[in-house]
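There are 2 protein chains.
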Amino acid sequence: MTSKALDALRIVLVGTQHPGNIGSAARAMKTMGLSRLCLVTPECATDADEARAMAVGAEDLIGTALRADVLDDALADCTQVYGCTARRRHVALPEWTPREAAARAIAEVQAGGTVALLFGRERSGLSNDELQRCHAAIHIPTNPEFSSLNLAAAVQVLSYELRLAALAAAEPPPPAERGDPPATQAELEGLFEHLDRALVAIDFHKGRSPVTVLRRLRRLFLRARLNEREVRILHGILADAERMARLAAERRQ
Amino acid sequence: MTSKALDALRIVLVGTQHPGNIGSAARAMKTMGLSRLCLVTPECATDADEARAMAVGAEDLIGTALRADVLDDALADCTQVYGCTARRRHVALPEWTPREAAARAIAEVQAGGTVALLFGRERSGLSNDELQRCHAAIHIPTNPEFSSLNLAAAVQVLSYELRLAALAAAEPPPPAERGDPPATQAELEGLFEHLDRALVAIDFHKGRSPVTVLRRLRRLFLRARLNEREVRILHGILADAERMARLAAERRQ
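Chains A and B, in that order, give the protein sequences. The opening position of the first sequence corresponds to residue 1 in our numbering, with each subsequent residue numbered one higher. The opening position of the second sequence corresponds to residue 1 in our numbering, with each subsequent residue numbered one higher.
Fair warning: there could be bad hints in the mix.
[Claimed, not checked] Below, a list of computed lysine to aspartate or glutamate pairs in the DMTMM-like style, where the Cα atoms sit at most 20 Å apart: (1) A/K4 with A/E171; (2) B/K4 with B/D77; (3) A/K206 with B/E193; (4) B/K4 with A/E171; (5) A/K4 with A/D72; (6) B/K4 with B/E171; (7) A/K4 with B/E145; (8) A/K206 with A/D196; (9) B/K4 with B/D60; (10) B/K206 with A/E242; (11) B/K206 with B/E189; (12) B/K4 with B/E108.
Hints were generated in silico from the structure; no laboratory data involved.
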């Protein structure tokens, strides 16, 4: 699954100015298992000796790279497009970290989509017009006093996060929890309602407001990412506590 | 705190062969806020034009770099040393991912330590003798069919993870949980014992073995990383459930 997921990811270099960066970007991609390179209106020779010299074994990615004269041609069959930006731009786009973007990209390709990651020119990045083709912007959290990330270094960071996300998605769940699907939101809400009733039944509040404690318990159980079986166990405990409260109440009558 | 943490991290390049890689490594470090470069027995001129050309604004890191003729001199004041390896070696060292290594390095510098990350030669990496000075090996999870990561690219990936770890460590805890310290292991064990007694009291098991369900609940609450206040709330709920069970039992007598 890992390599299949990575095959549906496209690295699109727009207007690249230095052939060495094309070679280094190809090498960065290949070390992380990515293979689909696309070169849009490069401002340098893409098969220059310098490009091949920097590829060091990843020349095949340059050879098979898609070439496009218009950005839209490079993106035509993509279901999601993310643009890598060094600075915050005046384009209203959701802004993701590389890690968030990688998780979303892998989820998209697992659902059958194709995702393009756009990297702009060395000097000026992506234009606003190019960013307007993107579903989201990716911002690598650099040192605010020196954010001059090399183009191939940016491709390296994103390719690395994409590989980790693909490996994580391909991993089987931990053995103990295998076969226990995560609880749905409706199941969790059902549990919280039961919890609310049970706390009243066992007289937990003793006159205090239940709001704060219920909010805390809700946060705790959401954080734990309960699975279906755990929700059933907790319902069972609450039901028995309620049963005891009923028996105790019958006694008082 | 972020920059202070990053200042106690040293990137040590051992036997570097290409001056361009020293420049690119310096640039990679500086984009992520790292500044302490150390060059041990480089096999190239470290102030060559090529090094400065690739640094593109990070020449200062080359200028202020420590230079050492012997690796031990570069590591003398370090409290932890991690070695970056491309391949698995015949050296018995714990092996960490970049993410694990970054989290441990930041924890170490927050505790007042100094951490060195070692990067070996372009062609042959670190020698076994050099790795034997390390507390752990870092393995970047590359494509097994093409693991030829450029030296500066490896420095970029590690520097990026170190920056993220430093930023995460500097972040205040979420507002709602602020002021509630995490529960200690002893507090959690006390909660699990109470849970055990309460489940018996409310007759949750009904003749079945309690082992599996207790194991599941233990896993759930460990995963949730309870804080002290949450432990107190859960104790309170269990105490009230037990109280109801006692009242119900008195009725049956």
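Structure-based check of each hint:
1. For the proposed pair A/K4 and A/E171, the alpha carbon gap of about 14 Å is at most 20 Å, so the pair holds.
2. A threshold of 20 Å between alpha carbons decides the hint, and for B/K4 with B/D77 the separation of about 17 Å falls inside it, so the pair holds.
3. Taken as a hint, the A/K206 and B/E193 pair is broken in the structure, with Cα atoms around 25 Å apart against an allowance of 20 Å.
4. Restraint check: the Cα-Cα separation between B/K4 and A/E171 comes to about 36 Å, which exceeds 20 Å; the hinted pair is violated.
5. For the hint pairing A/K4 with A/D72, the CA-to-CA distance comes to about 24 Å; that exceeds 20 Å, so the pair is violated.
6. At most 20 Å may separate the alpha-carbon atoms for a hinted pair to count; B/K4 and B/E171 meet this at roughly 14 Å.
7. Proximity of A/K4 to B/E145 is assessed by CA-CA distance (about 15 Å); at most 20 Å being required, the pair is judged to hold.
8. About 14 Å separates the Cα atoms of A/K206 and A/D196, which keeps this hinted pair within 20 Å; it holds.
9. Straight-line distance between C-alpha atoms of B/K4 and B/D60 comes to about 18 Å, which keeps the hinted pair within the 20 Å bound.
10. Distance restraint check for B/K206 and A/E242: the Cα-Cα separation of roughly 16 Å lies within the 20 Å cut-off, and the hinted pair is therefore satisfied.
11. Restraint check: the Cα-Cα separation between B/K206 and B/E189 comes to about 24 Å, which exceeds 20 Å; the hinted pair is violated.
12. With a C-alpha separation of about 13 Å, the suggested pairing of B/K4 with B/E108 holds against the 20 Å cut-off.
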